[in-house]
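Engineer: Note that the protein sequences, when read in sequence, are chains U and S. Every letter in the first sequence is one number past the one before it in this note's numbering, and letter 72, counting from 1, is 72. Every letter in the second sequence is one number past the one before it in this note's numbering, and letter 193, counting from 1, is 193.
These are calculated hints, taken from the structure and not from any lab test. Don't take each hint at face value.
Here are some of the chain S residues that sit facing chain U, going by a computed Cβ distance under 7 Å [to be verified]: (1) 8; (2) 10; (3) 114; (4) 118; (5) 211; (6) 217; (7) 263.
With a straight-line Cα cutoff of 25 Å, these simulated DSS-like cross-link-like pairs (lysine-lysine) come out [to be verified]: (8) 190(U) with 312(U); (9) 312(U) with 333(U); (10) 122(S) with 215(U); (11) 122(S) with 253(U); (12) 156(U) with 253(U); (13) 343(U) with 253(U).
A virtual CB, placed ideally from N, CA and C, is assigned to each residue, including glycine.
So you can see what is in the structure, the chains are spelled out below.
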Amino acid sequence: MTITVTRRTFLAGSAAAAGTMALGRAGTALAADPLPVAFVYTGPIGDHGYTFAHDVGRRAVEAHFGDKVKVTFVENVPEGPDCERVIRQLATSGNQLIFSTSFGFMEATLKVASQFPKLKFEHATGFKRANNLAIYNARFYEGRAVLGDIAGRMSKAGVAGYVASFPIPEVVMGINAFTLAAQKHNPNFKTKVIWANTWYDPGKESDAAKALIDKGADIISQHTDSAAPLQVAESRGVYAFGQATDMTSYAPKAHLTAVVDQWANYYIDRVQKVIDGAWTSTDIWWGFKEGLVGLAPYNAAMPADVKAAADKLKADITSGAVHPFTGPIKNQKGEVVYAAGQKASDEEMLKMNWYVAGVES
Amino acid sequence: MISESIVNISAAVISASTPLLFAATGELVVERSGVLNLGVEGMMLMGAVTGFAVAVSTGNPMLGILAAAVAGAALALVFAALTLTLMANQVATGLALTIFGIGLSALLGSGFVGQTVPALPKLALPGLSSLPVVGPVLFGQDGLVYLSVALTAATAWFLKRTRPGMMLRAVGESAESAHSLGLPVIRIRYLATLFGGAAAGLGGAFLSLSYTPMWMEGMTSGRGWIALALVVFGSWRPWRVLAGAYLFGGVTILQLHAQGIFSLPAQVFSMLPYLATIAVLTIISAGPWRGRLTAPAALGKPFRPSV
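With the rest of the complex left out, here is chain U (with noise of 0.2 Å):
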């Protein structure tokens, strides 16, 4: 089952919605019944990039779980005061697992999740935890150093162009991880960073693509949400990746492969331990390893050696052979941060605000 509501009509409706509920509440102790998930979105789920690739991540959970859930999911919630209401009357209309999927939810999902204790909360990729609120976050480093790999491998010029969204270290932890795996092939190999500061903008984005290649890249990443670089990089004939989902059908020929947000796996055993009364709150960074991160199939055009290298790096870093950030890594200003074999710590990685030599931005 699912009810798809928008900010509006959920918040208009919820005095309707709080009645009904009160009746569901008083059988919540029979098995039979269904249990009651929530999902709140930034975005909206028509994004094609990081709401979409929750919401393949919910329809999982449906598809999984059938009539055992109840899933609602509310979209477009802005990250201010609105989402504390929309969260809190989530709660107040009886949903037993709340996922908040945007990193300015956490003040406020902190919040309610302190005013119902008996309710489960999950928080994406934030930092702030409480008994009933859970956080977890995915390793997408690991994706965009496969990434880095096939850049290094397949661009002539030795140089990318990287259209960054804002420097938080989130972004700025995936510039250097993609930067260190292209200079594995090639030492001399160059990131250029252009800024939108903005997560969407399809025109901003589009320009700065061109931009980069003008700049003399021949091989375009981003970390920004619209299709709109990649296609740039086909009417300019260049390469490029795409961001959360698999963004082929804008790009046939450039689009090379992207990383892939993949929450369903987790999603499913969150909803699972909540109906086997095992949930407890955990902190979790996943990756390759627990299948949270993926990429899309890869581009035709890639010869065949730079696709098994691709796969070869993918399994070694999901089996912990590798790890992207393994010294010797040196800053802009050539200081040695990690000497050879030290590794970057968790801590040390989400706290991350300098560039790695290459890089330039």
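Following the hints, put chain S in place on chain U, whose structure we already have.
Structural biologist: Just chain S now, with coordinates in the frame of chain U:
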């Protein structure tokens, strides 16, 4: 190499400026008739989604462009009926129109996410297009770019040189006086509002068919609001609006190219278009043009003809 990057940068500037120019020129005519329509963003989005949907479904981009203009005008008609006939508040209705347009375009476009159309063909002008540098920059654009400049010229000529243009300005300066002279105030304002909607729709179509040939929710990303600001920036004069649109587009593109060359934080670059806007506004407000910077006197004031 140098001339190649000049060509590329100039072409990017023109692309970035064109949607702003369409929407701002349309809004200029609306405001000159005394109506303030804040729904530009919503009308652009409707134009973008309709243009894309029709172009994909029929395979004919010309039909898409036409449909985009009609869709923008249709949304403007809703605004006109509410504010001009039913006397609703223009500011509130315009804001509602933007929010409505965002939602409706998302609904209509949900089936088109992930599809692509070929970008509009570049129209080469014989002889002119083969000139070095100038040729590819000025005469290697698609038809909508030429149309946007032609629309500016036509608007300037219409407002300044033609009788209907003067009637429109009269209505915008003093609806009462115009009415007492027997001018059909409400009808003129309806037509101006519809023109504004159609132009905003064309701006949206340029985004979804040429600039980034695809449909995604909210793809205008605030350009409707910039267009509104450009009308004030251009002090309600078509050629100044064109200059403003190209200045804004130019600084937006140049800041992307300047990144990495100058070692300034990226955030400073992203402020540049807005800083440039404020600087130019200050300079022209303090200069000898000052007396001619006034808004249409009847802007935003509702008019109910006394019977």
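Engineer: Now tell me, hint by hint, if it's right for this structure.
Structural biologist: Each hint, compared with the structure:
1. 8: 5 Å, holds
2. 10: 11 Å, violated
3. 114: Nearest chain U Cβ about 5 Å off; hint holds.
4. 118: Hint violated; residue 118(S) Cβ to chain U Cβ min 10 Å, cut 7 Å.
5. 211: With a closest approach of 5 Å, the residue 211(S) hint holds.
6. 217: Since chain U brings a Cβ to about 5 Å from residue 217(S), closer than 7 Å, the hint holds.
7. 263: 10 Å, violated
8. 190(U) with 312(U): Cα-Cα ~23 Å, so holds.
9. 312(U) with 333(U): Violated, at about 32 Å.
10. 122(S) with 215(U): Distance ~24 Å between residue 122(S) and residue 215(U) Cα, so the pair holds.
11. 122(S) with 253(U): The given pair, whose Cα atoms are some 21 Å apart, holds under the 25 Å limit.
12. 156(U) with 253(U): 17 Å, holds
13. 343(U) with 253(U): Violated - the C-alpha atoms of residue 253(U) and residue 343(U) are around 36 Å apart, more than 25 Å.
Checked against the numbered hints given earlier, the structure breaks hints 2, 4, 7, 9 and 13 and satisfies all the rest.
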